[in-house]
Amino acid sequence: MRVSIGLVLTLAAAGCSAGRPLELSEVLEERGVTPLPQAATDELEARLGQVRALLGDELSEESAVRIALLNNAHLRAELERLGVARAELRQAGLLANPTVEGALRFGSSGTNIELDLVQNVLGLLFLPQRLQMADSAYRAAVYATAQELVATVGEVRRAFIAVQGVQMRREVLERGLEVAKLGYDFSRELYRAGNITELQHTAARLRYEEAKLLPARVASEERASRERLNRLLGLWGPLTEWKLSAPLAVPPVEEPIATEQVERRAIERSLALREAAENTLLRTLERESARRLTLFGDASLGGSAERETDGEWLGGPALALALPLFDFGGAEAARAAAALRAEEHELTRLAVDIRSGARAARERVLSARELALFYRDVLLPLRKKLVAETEREVNAMLLGADALIATKESELSAELEYLTALEGYWLARAELQLFLDGASLPLSSEAK
Amino acid sequence: MWDFRIVIALCALAFAFTAPSGIAAAEANAESEHGRVITPNGVSLPWRVIEGVKVFHLVVNEFEHEFAPGLKAKVWGYNGRTPGPTIEAVEGDRVRVYVTNRLPEPTSVHWHGILLPSGMDGVSGLSQAPIPPGKTFAYEFTLRQHGTFMYHSHFDEMVQIGVGTSGIFVIHPKTSSGAPPERDFAFILNEWRIDPGTARPNPGEMTDFNILTLNGKVFPATEPLVAKLGDRVRIRVANISATDHHPIHLHGYRFKITETDGGPIPPEAQWPETTVLVPVGSTRTVEFVADNPGDWALHCHMVHHTMNQMGHGEMPNVLGMRNSDFDRRMRKVFPGYATMGAEGMGSHGEHVQHLAIPANSIPMMGGPGPFGHIEMGGMFTVLKVRENLNSYADPGWYDNPAGTVAREATAAELQRDGIVEGKD
Numbered sequence: 001m002r003v004s005i006g007l008v009l010t011l012a013a014a015g016c017s018a019g020r021p022l023e024l025s026e027v028l029e030e031r032g033v034t035p036l037p038q039a040a041t042d043e044l045e046a047r048l049g050q051v052r053a054l055l056g057d058e059l060s061e062e063s064a065v066r067i068a069l070l071n072n073a074h075l076r077a078e079l080e081r082l083g084v085a086r087a088e089l090r091q092a093g094l095l096a097n098p099t100v101e102g103a104l105r106f107g108s109s110g111t112n113i114e115l116d117l118v119q120n121v122l123g124l125l126f127l128p129q130r131l132q133m134a135d136s137a138y139r140a141a142v143y144a145t146a147q148e149l150v151a152t153v154g155e156v157r158r159a160f161i162a163v164q165g166v167q168m169r170r171e172v173l174e175r176g177l178e179v180a181k182l183g184y185d186f187s188r189e190l191y192r193a194g195n196i197t198e199l200q201h202t203a204a205r206l207r208y209e210e211a212k213l214l215p216a217r218v219a220s221e222e223r224a225s226r227e228r229l230n231r232l233l234g235l236w237g238p239l240t241e242w243k244l245s246a247p248l249a250v251p252p253v254e255e256p257i258a259t260e261q262v263e264r265r266a267i268e269r270s271l272a273l274r275e276a277a278e279n280t281l282l283r284t285l286e287r288e289s290a291r292r293l294t295l296f297g298d299a300s301l302g303g304s305a306e307r308e309t310d311g312e313w314l315g316g317p318a319l320a321l322a323l324p325l326f327d328f329g330g331a332e333a334a335r336a337a338a339a340l341r342a343e344e345h346e347l348t349r350l351a352v353d354i355r356s357g358a359r360a361a362r363e364r365v366l367s368a369r370e371l372a373l374f375y376r377d378v379l380l381p382l383r384k385k386l387v388a389e390t391e392r393e394v395n396a397m398l399l400g401a402d403a404l405i406a407t408k409e410s411e412l413s414a415e416l417e418y419l420t421a422l423e424g425y426w427l428a429r430a431e432l433q434l435f436l437d438g439a440s441l442p443l444s445s446e447a448k
Numbered sequence: 001m002w003d004f005r006i007v008i009a010l011c012a013l014a015f016a017f018t019a020p021s022g023i024a025a026a027e028a029n030a031e032s033e034h035g036r037v038i039t040p041n042g043v044s045l046p047w048r049v050i051e052g053v054k055v056f057h058l059v060v061n062e063f064e065h066e067f068a069p070g071l072k073a074k075v076w077g078y079n080g081r082t083p084g085p086t087i088e089a090v091e092g093d094r095v096r097v098y099v100t101n102r103l104p105e106p107t108s109v110h111w112h113g114i115l116l117p118s119g120m121d122g123v124s125g126l127s128q129a130p131i132p133p134g135k136t137f138a139y140e141f142t143l144r145q146h147g148t149f150m151y152h153s154h155f156d157e158m159v160q161i162g163v164g165t166s167g168i169f170v171i172h173p174k175t176s177s178g179a180p181p182e183r184d185f186a187f188i189l190n191e192w193r194i195d196p197g198t199a200r201p202n203p204g205e206m207t208d209f210n211i212l213t214l215n216g217k218v219f220p221a222t223e224p225l226v227a228k229l230g231d232r233v234r235i236r237v238a239n240i241s242a243t244d245h246h247p248i249h250l251h252g253y254r255f256k257i258t259e260t261d262g263g264p265i266p267p268e269a270q271w272p273e274t275t276v277l278v279p280v281g282s283t284r285t286v287e288f289v290a291d292n293p294g295d296w297a298l299h300c301h302m303v304h305h306t307m308n309q310m311g312h313g314e315m316p317n318v319l320g321m322r323n324s325d326f327d328r329r330m331r332k333v334f335p336g337y338a339t340m341g342a343e344g345m346g347s348h349g350e351h352v353q354h355l356a357i358p359a360n361s362i363p364m365m366g367g368p369g370p371f372g373h374i375e376m377g378g379m380f381t382v383l384k385v386r387e388n389l390n391s392y393a394d395p396g397w398y399d400n401p402a403g404t405v406a407r408e409a410t411a412a413e414l415q416r417d418g419i420v421e422g423k424d
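Chains V and U, in that order, give the protein sequences. For the first sequence, counting from 1, position 227 maps to 227 in the working numbering; every step adds exactly one. For the second sequence, counting from 1, position 397 maps to 397 in the working numbering; every step adds exactly one.
Just so you know, these hints were derived from the structure itself, not from any lab. Every residue, glycine too, gets a C-beta built ideally from N, C-alpha and C. Treat the hints with caution; some may be incorrect.
[Said to hold, decoys possible] Simulated DEER-style distance windows between Cβ atoms:
| hint | chain 1 | residue 1 | chain 2 | residue 2 | range |
| --- | --- | --- | --- | --- | --- |
| 1 | V | 250 | U | 359 | 28 to 36 Å |
| 2 | V | 199 | U | 301 | 48 to 56 Å |
| 3 | U | 399 | V | 199 | 49 to 57 Å |
| 4 | U | 200 | V | 199 | 36 to 44 Å |
| 5 | U | 346 | V | 223 | 52 to 60 Å |
| 6 | V | 245 | U | 359 | 39 to 47 Å |
Work out the full structure, taking the sequences as your base and the hints as a guide.
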């Protein structure tokens with residue numbers, strides 16, 4: 001048997017490389033997303049040490065994002081899946097191993113030995129196409145993974161904002177409860193002095209007791225918000241005792257991106273579109289090679305040798321070929337064509353949805369901003385003025401402490417509404433940023 | 001012998017060439033042998049005699065009036081005043097009063113209690129057509145009585161009187177058995193609703209008035225009544241309030257009610273009193289001899305009528321409340337807060353000197369006195385009787401003779417008289 005090792009080696013060496021593969025970090029840096037920490041490590045203690053350092057005395061939004069990128073188990077799984085895709089790309093560049101077959105037949109007159117060595121040559125012929133397809137699939141996987149990271153960063157930012165918002169609301173409600181207690185104490189003193197009826201005093205007590213409900217609900221909401229952030233950051237045990245005191249900022253004087261630029265940026269940066277484009281390219285390549293692959297099926301070329309029982313060796317080339325007698329590859333071609341058309345329609349749908357989603361997100365930011373600023377610039381100052389003027393009338397003995405307390409409670413209610421509006425603004429901003437960073441909310445989530 | 005009417009006419013002629021027409025100071029009036037009325041915080045209306053007729057001019061208009069320092073409001077009145085200038089005339093005078101209307105609506109003037117022809121009575125729609133804005137009407141009649149009367153609007157009375165169109169009309173007797181009293185004071189009482197922080201009375205108020213005035217002023221802006229020891233004093237009180245009668249009480253004296261707006265009361269029927277009830281739409285005149293020196297309170301005895309701009313109904317009753325801990329916790333939320341009224345309301349006037357109250361409003365009560373804050377407001381003034389006076393200008397506070405001022409009892413006194421503090 002003479003096996004052309006050189007041919008095998010040449011063939012094996014021929015199909016390795018299809019160019020430098022797309023790097024995830026390039027895709028992320030392009031969108032201003034914090035690159036993965038350099039010291040990412042599988043060693044638990046080392047990673048926890050980095051997490052503790054990032055937690056520091058206070059958790060900030062940026063440190064929360066870095067912790068998530070370092071410690072979120074789902075993201076770590078996604079990165080491993082990308083490793084799978086990278087391995088598949090490498091695999092696509094390799095030729096199939098040659099096949100050697102041998103048989104020994106023992107006869108009365110001697111032993112018959114048969115040896116065959118074949119190599120799939122169709123794989124060699126279609127290697128460039130296979131590499132191209134694998135590269136597209138890998139790039140699609142990179143974009144998909146980048147989407148997961150960017151989406152998770154967006155989730156972290158929104159969860160952080162939610163914690164800030166609920167904390168600020170809880171503080172206002174605590175102040176409100178103190179004020180409500182003053183109202184009840186006032187009533188209790190008047191009742192003790194014999195100046196109000198049982199009915200009036202009971203009504204005052206009811207107002208106070210009812211005032212306890214909302215702070216309790218918000219305290220529960222705060223715990224839930226913290227846990228959501230803990231899940232995103234992969235924290236447990238003492239690591240969940242982080243502190244966060246930075247308040248929500250007031251909306252900036254101007255939005256950082258103009259309305260007309262939002263749609264263009266969302267399209268340019270969209271990772272889903274890029275993934276879909278790669279999938280479309282993949283389906284295009286599949287369609288192009290579908291008929292040929294089916295028509296030619298499998299083809300192997302090699303050599304065959306046999307030792308007759310009388311000791312004579314016979315040898316020569318061997319060819320294995322699938323004959324396209326029944327399947328001419330039409331069905332496969334049709335499948336590939338339909339899959340391509342489906343992918344193209346999905347690409348169009350995605351582009352329309354992204355444009356619409358970006359516009360809608362922008363509108364939510366603008367209206368949330370207007371509402372927050374209206375509270376801050378108009379309603380809250382009027383409420384404060386009302387308290388000040390009421391205090392003047394109390395000083396003139398025209399109104400009592402109960403009226404002053406009621407006015408203050410109204411001011412605090414307005415402050416609560418303002419904080420809700422402010423939180424709504426920053427959440428809308430974070431959602432818009434998702435579009436600008438290349439991820440996007442699923443349409444169903446925009447309804448909430 | 002001079003005919004007094006010629007004297008008056010000559011004086012009036014002199015005035016006509018020298019005094020500004022219509023709206024002029026009370027001192028432009030000549031002294032009359034029939035008496036001269038002192039309208040505290042006010043003036044008398046000047047007049048001139050034209051062909052034997054005493055001619056007056058009233059201009060009804062809107063203007064800003066100060067009830068007391070710190071409280072001004074847009075009111076309606078006569079010649080820039082509320083009450084309008086006191087009209088003084090003599091029984092038998094023929095008077096002609098021109099009334100110019102500068103209000104935004106028609107008006108008329110009723111001469112309250114005065115006997116005159118039906119068409120001069122001033123009831124708009126009944127006696128006469130109303131005076132349109134911008135027009136001048138003339139009233140003319142002969143005075144057939146003497147006493148204390150009023151003049152006031154009789155068109156849209158609730159509004160026009162409610163925002164100030166009223167004044168006093170005094171008719172001196174043509175002849176009398178004696179000289180007029182040395183001091184002859186006239187007041188007109190009125191009530192207003194001016195919410196703190198506002199600057200216009202609410203004429204729609206029917207019961208809850210919060211500014212009660214003597215001649216358009218509230219204490220501490222009411223001028224005192226000054227008399228020398230031994231002066232005969234007459235105090236004429238007219239009540240143009242919307243719904244409240246006023247029991248006017250004078251400390252330190254008893255007096256006789258000598259007149260109503262129906263005429264003089266015969267001496268044998270004069271009612272002795274220390275408080276004269278002046279019903280709405282009436283006048284009452286009291287007289288006494290100022291034989292008791294000192295500073296004597298003169299005020300309405302309805303206790304809410306000696307308060308300024310008090311809130312009714314919206315402020316809870318805090319009397320008896322323990323407030324020290326409550327106030328401390330309130331100040332964490334409202335830094336300047338202090339419960340007022342838990343120990344009574346007497347100190348309010350002093351407290352508001354360092355507290356912010358609504359703009360254009362005055363404390364509920366209080367004005368400076370010789371022994372601290374006088375916790376009164378509204379319809380309150382002081383009769384000051386002094387032994388030696390060079391003039392009737394405000395002589396300041398009475399210098400009480402030694403031993404005549406209530407003061408804290410000494411321990412020796414308590415012991416001498418068997419008084420144990422805290423024991424009945």
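Checked hints:
| no. | hint | result |
| --- | --- | --- |
| 1 | V:250 x U:359: 28 to 36 Å | holds, 32 Å |
| 2 | V:199 x U:301: 48 to 56 Å | violated, 35 Å |
| 3 | U:399 x V:199: 49 to 57 Å | holds, 56 Å |
| 4 | U:200 x V:199: 36 to 44 Å | holds, 38 Å |
| 5 | U:346 x V:223: 52 to 60 Å | holds, 53 Å |
| 6 | V:245 x U:359: 39 to 47 Å | holds, 40 Å |
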